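*Asks:* One letter stands for each residue in the lines below.
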Amino acid sequence: METEVKVLFWVGTAVMFFLALGVLFFVVLYRNKLHKIKRKKSEQILEASIESERRERKRIAMDLHDGISGDLSAIQNYIAILHRKEKDHSKIVIFQEVEEALAHTLQNIQTISYNLMPPMLEEQGLINNLKNYFARVRKWNAMQITERYNTGVLAIPLADFYEVYRTIQELVTNSIRHGEATSIEFSMQQEDQIIILEIFDNGKSFDFYKSLKDSHGIGLKSIASRLKYRQAKLVQLSVEKGNKIQIHLKIKK
Amino acid sequence: MIQLDYTLIYSSLIVGVIFLILFLYKYKTLRIKEPISLFIWYTIASIIWELNSAFILANPTFGFQFYFILEVVVLYYFYNRLLHPSYKKSLRVFLGIMLVAYGISFIFWNGGSSLISDTINRITLTTFVLYFSFLWFAELFRKMEISKPWKDATFYFVSGFFIYYSSTLFLFLLGDFILNAEFYLYYWLVNLITKLLLRVFLIVGVWKLK
Numbered sequence: 001m002e003t004e005v006k007v008l009f010w011v012g013t014a015v016m017f018f019l020a021l022g023v024l025f026f027v028v029l030y031r032n033k034l035h036k037i038k039r040k041k042s043e044q045i046l047e048a049s050i051e052s053e054r055r056e057r058k059r060i061a062m063d064l065h066d067g068i069s070g071d072l073s074a075i076q077n078y079i080a081i082l083h084r085k086e087k088d089h090s091k092i093v094i095f096q097e098v099e100e101a102l103a104h105t106l107q108n109i110q111t112i113s114y115n116l117m118p119p120m121l122e123e124q125g126l127i128n129n130l131k132n133y134f135a136r137v138r139k140w141n142a143m144q145i146t147e148r149y150n151t152g153v154l155a156i157p158l159a160d161f162y163e164v165y166r167t168i169q170e171l172v173t174n175s176i177r178h179g180e181a182t183s184i185e186f187s188m189q190q191e192d193q194i195i196i197l198e199i200f201d202n203g204k205s206f207d208f209y210k211s212l213k214d215s216h217g218i219g220l221k222s223i224a225s226r227l228k229y230r231q232a233k234l235v236q237l238s239v240e241k242g243n244k245i246q247i248h249l250k251i252k253k
Numbered sequence: 001m002i003q004l005d006y007t008l009i010y011s012s013l014i015v016g017v018i019f020l021i022l023f024l025y026k027y028k029t030l031r032i033k034e035p036i037s038l039f040i041w042y043t044i045a046s047i048i049w050e051l052n053s054a055f056i057l058a059n060p061t062f063g064f065q066f067y068f069i070l071e072v073v074v075l076y077y078f079y080n081r082l083l084h085p086s087y088k089k090s091l092r093v094f095l096g097i098m099l100v101a102y103g104i105s106f107i108f109w110n111g112g113s114s115l116i117s118d119t120i121n122r123i124t125l126t127t128f129v130l131y132f133s134f135l136w137f138a139e140l141f142r143k144m145e146i147s148k149p150w151k152d153a154t155f156y157f158v159s160g161f162f163i164y165y166s167s168t169l170f171l172f173l174l175g176d177f178i179l180n181a182e183f184y185l186y187y188w189l190v191n192l193i194t195k196l197l198l199r200v201f202l203i204v205g206v207w208k209l210k
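Protein chains in written order, with our numbering: chain U, 1 to 253; chain S, 1 to 210.
Treat the hints as calculated values from the structure; they're not laboratory data.
Keep in mind it's a predicted model, so treat the numbers as computed, not measured.
Beta carbons: idealized from backbone N, C-alpha and C, even for Gly.
There may be inaccurate statements among the hints.
[Stated by the list, open to error] Chain S is faced by these chain U residues, among others (derived, beta-carbon under 8 Å):
id : residue
1  : 12
2  : 19
3  : 22
4  : 220
5  : 222
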């Protein structure tokens, strides 16, 4: 009797103990696997949403540029013709005001259209677009910007061009708006299979990853999502004043 | 055999002391806001009692029945705070069953340590812990809020309970036979080892509390 109890006790206890351990191992391992699958799925959703955002931006930019902008240009021409034929001075003044308002609206539409999707990104590539972008920033903000480009022909996909361009745009906007920077040094170089884009400003210092955690805004989160989507890395280097941020983009073979 | 048993008792006490030190260190975190808080207080009371029994050599007869009802209360509090409110009804049903079983166990209670009454109580408590631990694991899969379970304090608490109550089920089920067995302490080692394991899990869990 005692032997039977003894066997029952030890077998039962061992079975229960290993069953409990087994359940825990299963929970940890399978949970981990499931989490990876879900993470991959959410990355795919992010990828799809970024891609559709890019397509939508392009469509809206084209609609604005070719549709509304074209119609407004036609209206501008009609007004100019009427303006030339008009003899009444009071009406001439009104025509002038309408022409000015139309020119201003056209300028605004072009800026919005450009910000939505740079028209030359596909045709002229990243570097020309960045040069163009910095020229505009210089003009609009009266700030000092130096640029250095030490790269050859960039063999990266158009989608990467777009994300890098948007990231640089977001970082520069942050430097100006939140960092109150007055000068920016931008450089782009290639080391082996990695393109390094660096922005060094003299604005208020901030910790990118700490701000990303604390921030409720979408700017930094958008940068992080774009870089994650392109499997690029953001590195913040320590400097005495300002901020030095590098983006490491791997060239996909 | 007896020597090994003492080694385990002292190891359990040392782990208990580490637990007490950690408790003092994490005192602010462990104020009543955490689901595990009551169980921690309960464990502290047990450790102090064990230290008292081991070193002052006071009468080790513990009020098992009182000890058990405390265990029920703290575990009910833990799972009640931990699980989704939709489980509240089943938690109350289980509490009712445990209290009925507790009442029945008094028939077999002889005023001190009675393994028959302990068996009755233990069966319901073990079922309670295993069932609600399973529910918590299921929630872990459903919600996916915790990315790495091994970095979460609650995972250690639930795992500790799960292992302890699973492994000691047969000890208490066969309690009456074991009490009369030749090498009683030989069987009791299972309780000591798993209790040691539970306390290690509690230490890790408390350490992981933010």
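*Asks:* Hint by hint, where does the structure go against what was stated? Just the numbers, ascending.
*Replies:* Going through the list in order, the structure violates hints 3, 4 and 5 and respects the others.
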